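Engineer: Kindly produce the complete structure, drawing on both the sequences and the hints.
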Amino acid sequence: MIANEWLDNVPLDVAELTPDGPRLVLVDPATGLEQLGPAPEPDDLDWLAKWWPLREIGDRAEIGRPRCQAWASVVARLRQGLAVAVDYAHVRSGRPPYGTLAGYRDGHLVPAVPDGSCDVTAHVALDACARAAEDDGATGTLLITQRAALRALGITGERPSIDLAHQDPRAYVAALCAAGEEAELLDPGGLGGFTWLLQTVDCPLPEL
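The opening residue of the sequence shown carries number 33 in my numbering; numbering runs sequentially from there.
No lab work stands behind these hints, which were simulated from the structure alone.
Incorrect hints may have been included.
Restraint ranges, calculated between C-beta atoms of paired labels, are given here [stated by the list, open to error]:
(1) Glu73 x Trp38: 22 to 30 Å
(2) Glu216 x Gly148: 26 to 34 Å
(3) Ala108 x Glu37: 37 to 45 Å
None of the values given here were measured: they were computed from a predicted structure.
Beta carbons: idealized from backbone N, C-alpha and C, even for Gly.
Structural biologist: See below:
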C-alpha cells in the first residue's frame with residue numbers, strides 16, 4: 033500500500049501557546065483572519081505533550097493525532113505486507129516552531145485561506161504516525177529520505193556517457209531525459225526531501 037502525499041491533506045487543528053496554555057487557532061474561512069479559541073481536547077493536549085511540545089509563547093503546532101489515527105487504520109488492515117507513506121515531514125527533535133501550514137494554488141505558494149480556492153496543507157509528523165501504527169500491529173518501521181531510498185534502489189540521476197551520443201543519438205537523448213527526471217526525484221531541496229515511512233506487518237523490511 034502506498035500513500036503518496038495523502039497524510040498531509042488529512043485535516044488537523046493548529047494550536048498556539050499562550051500564557052494560559054495551548055489554544056486552538058480559529059480561522060474565518062472567507063478572509064483567513066485568525067483568532068485564538070478554546071483549549072484543545074484532552075487527547076490532543078496529550079498528543080502535543082508527547083509529540084510536539086510548545087515551549088515559547090507564540091509557538092504553534094499542528095496537532096497530528098487525526099493523521100496518526102488515519103495511518104494506523106491503514107496499517108491495521110494489512111494481514112501481511114508493506115505500507116509506505118511519502119510526504120514532506122519532520123520529527124520530534126526538529127519540529128518547526130511556527131508550524132508548516134501553507135496554501136498552494138496552481139503550484140504556487142499562497143496564503144492558507146480555507147475558502148476552497150487553494151490546497152491547504154501541512155507537513156506530517158511521520159514519527160508519531162509510525163508509533164501509532166506500531167501500536168496497531170506494525171512489526172517493522174523505517175524512516176528514510178526519498179533521496180536515500182531511491183539511491184539505494186539504484187536511481188542515480190547520472191548523465192549518460194557522451195560516447196552514446198555518437199553511437200546511438202536517440203538512446204542518448206532518452207537516457208539524458210531519464211537522468212533529468214531521476215535528478216529531480218533525488219534533489220534534496222525538492223522531491224528528494226520527501227520522507228518515506230515504511231512499515232511492515234509480518235514480513236521483512238526492504239533492505240535500503
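Engineer: List, from low to high, the hint numbers that the structure doesn't satisfy.
Structural biologist: Per hint list: single violation, 3.
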